[in-house]
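A.B. asks: Sequence:
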Amino acid sequence: MDFRGNDFKALIYEFMANESLEEWLHPRTKGRDDERGESKNLRLVQRLNIAGDIATAIEYLHKGCSLPIIHGDLKPSNVLLDNDMVARVGDFGLAKIISTMSYEAIGVQDQGSSTSTAVRRSIGYVPPDFVKMTVNDLS
Numbered sequence: 001m002d003f004r005g006n007d008f009k010a011l012i013y014e015f016m017a018n019e020s021l022e023e024w025l026h027p028r029t030k031g032r033d034d035e036r037g038e039s040k041n042l043r044l045v046q047r048l049n050i051a052g053d054i055a056t057a058i059e060y061l062h063k064g065c066s067l068p069i070i071h072g073d074l075k076p077s078n079v080l081l082d083n084d085m086v087a088r089v090g091d092f093g094l095a096k097i098i099s100t101m102s103y104e105a106i107g108v109q110d111q112g113s114s115t116s117t118a119v120r121r122s123i124g125y126v127p128p129d130f131v132k133m134t135v136n137d138l139s
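So the sequence shown is residues 1 to 139, counted in the UniProt record's numbering.
Derived from the structure by calculation, the hints contain no laboratory data.
In this text, a Cβ means the ideal position worked out from N, Cα and C, and glycines have one as well.
Keep in mind that the hints are not guaranteed to be accurate.
[To be verified] When the alpha-carbon atoms are kept at most 30 Å apart in a straight line, the in silico DSSO-like pairs for lysine-lysine are as follows: (1) Lys-75 x Lys-63; (2) Lys-9 x Lys-75; (3) Lys-63 x Lys-96; (4) Lys-63 x Lys-9; (5) Lys-9 x Lys-40.
[Stated by the list, open to error] Here are the simulated distance ranges between beta carbons: (6) Leu-11 x Glu-59: 20 to 28 Å; (7) Arg-28 x Leu-67: 24 to 32 Å; (8) Thr-56 x Gly-93: 20 to 28 Å.
Required output: the full structure, derived from the provided sequences and hints.
C.D. replies: This is how it looks when you write it as structure tokens:
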């Protein structure tokens, strides 16, 4: 209930102490974290671990759910980092659950191969197995 006693729905995220991946790749403060005075440089092993965490999350969305989910807006600002620098994919505002019947709606021939002639998302990552553009698609 809200402060007026009305019912409402809320999505509550776990606090992510290290903010977003965007803050680590493109810090606003010339390489320093204002609050802690720590450098915001990622070591190679951290970058690889973060990439692995993201890949695991996307694989789960695409193949681990009963119906595949396309995130639709994967970018560094939507990847949150916890206290141990473990990446969590967030912001599912553009996510789509793809049922067997809706494969045709996004241009997917079958679940084994895919083509899309119209991807309507914000600028971000669209997996190559969901998109195949040709010269005709661009005209």
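A.B. asks: Please go over all the hints and tell whether each is borne out by the structure.
C.D. replies: Verification of the hints:
no. : hint                        : result
1   : Lys-75 x Lys-63             : holds, 20 Å
2   : Lys-9 x Lys-75              : holds, 26 Å
3   : Lys-63 x Lys-96             : holds, 14 Å
4   : Lys-63 x Lys-9              : holds, 28 Å
5   : Lys-9 x Lys-40              : violated, 35 Å
6   : Leu-11 x Glu-59: 20 to 28 Å : holds, 23 Å
7   : Arg-28 x Leu-67: 24 to 32 Å : violated, 38 Å
8   : Thr-56 x Gly-93: 20 to 28 Å : holds, 21 Å
Hint check: violations occur at hints 5, 7; the rest are consistent with the structure.
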